[in-house]
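Enquirer: Sequence:
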Amino acid sequence: MGDTSIDHSVDMLIVGAGPAGLFGAYYAGFRGMSVALMDSLPEPGGQVTAMYPEKVIYDIAGFPAVRGRDLVNALVEQVAPFNPAYLLGHQAAEITHEPDAILVTSAQGLRVRAKVIVITGGLGTFTPRPLPTGTEHLGRGLVYFVPRLDDYRDLDIVVVGGGDSAFDWALALEPLAKSVTVVHRRDKFRAHQHTVDRVLASSCEVLTFTEVAAISGDERIEKVELVHSKSGERQVRPAQAVVAALGFTADLGPLTRWGLNIDKRHIVVDTTMFTGVERIFAAGDITEYPGKVRLIATGFGEVATAVNNAAPVVDPSAKVFPGHSSDDGTPAA
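Note that the sequence shown covers residues -2 to 330 in our numbering.
Careful, some of the hints might be misleading.
Claimed, not checked - Across the chosen pairs, the derived CB separations fall in these ranges: (1) G250 x R183: 26 to 34 Å; (2) R137 x H321: 48 to 56 Å; (3) H321 x R108: 17 to 25 Å; (4) S322 x L146: 17 to 25 Å; (5) K289 x S200: 26 to 34 Å; (6) P235 x P172: 33 to 41 Å; (7) T124 x S322: 18 to 26 Å; (8) D4 x D97: 17 to 25 Å; (9) S200 x Y55: 51 to 59 Å.
Think of the hints as simulated: they come from the structure by calculation, not from any bench. Glycine included, each C-beta is placed from N, C-alpha and C at the ideal position.
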């Protein structure tokens, strides 16, 4: 284990830092395992953070209603005492089986040795759909996520898109921004109608049949040129931030080369969440088995099953049943 080329050495690597992955990291910590979370996205929360952070979720046990962002924050807080390593912005790419571990190399070159892997990658690797123009401003005012709302206080913001994430970001930014303009190339929105109505009733300006023609600025974005697709009319308006909420493409990417049994972009597992590949389990939306129901609530149960069944693989003296967390404050054997 003294290989200096290894960046991290842990008992469990969880691939995917969405709700299931975060709860799995808690459970791994509860079982006394060291754990790392790897995700290609720059923030924890997976699809919830990427697609609908301000959306209220109603089907999480114990929460009559919980905002997506608040659920993710609570999951991060829950696992915090176990100090997981967050390896964000890294796509799990290649694996090498060793006698007592798996060596995982990310597409960005990070090397992680783990005794067991739990894949909780949701729909696979999320890749933001880029704007047709202005991508050279990425990181200089152009973003796909808004991780810290307060960074956008008193700015003129252009949000591009017509889906849930675009309207969620607009609603979240409107109270603190100088101005918010939503730009969409059509006059029909994929976002939930209630959210659309709230944006239309707010101070946000919504421009339909409109696209971003150009973005300009030196160090950071200063102006955005918009074009009306029907009339061809152009307008330039001040903007210090552009949120490109055009959605994400998702695919299993390198996971297809791991020897897993894949059925229509899902990983087939048994009742223990084992994939059939040594030391690799899976849980959450990415899994497939008879009667599968894709809910966040289901993912929580599946990842607890996966972690507990992985425990004896990490430590042969460990039992599958974890004991009850209410018994005392110490991790179960």
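Enquirer: Determine which of the earlier numbered hints do not hold for this structure and return their numbers in increasing order.
Expert: 3, 4, 5, 6, 7, 9
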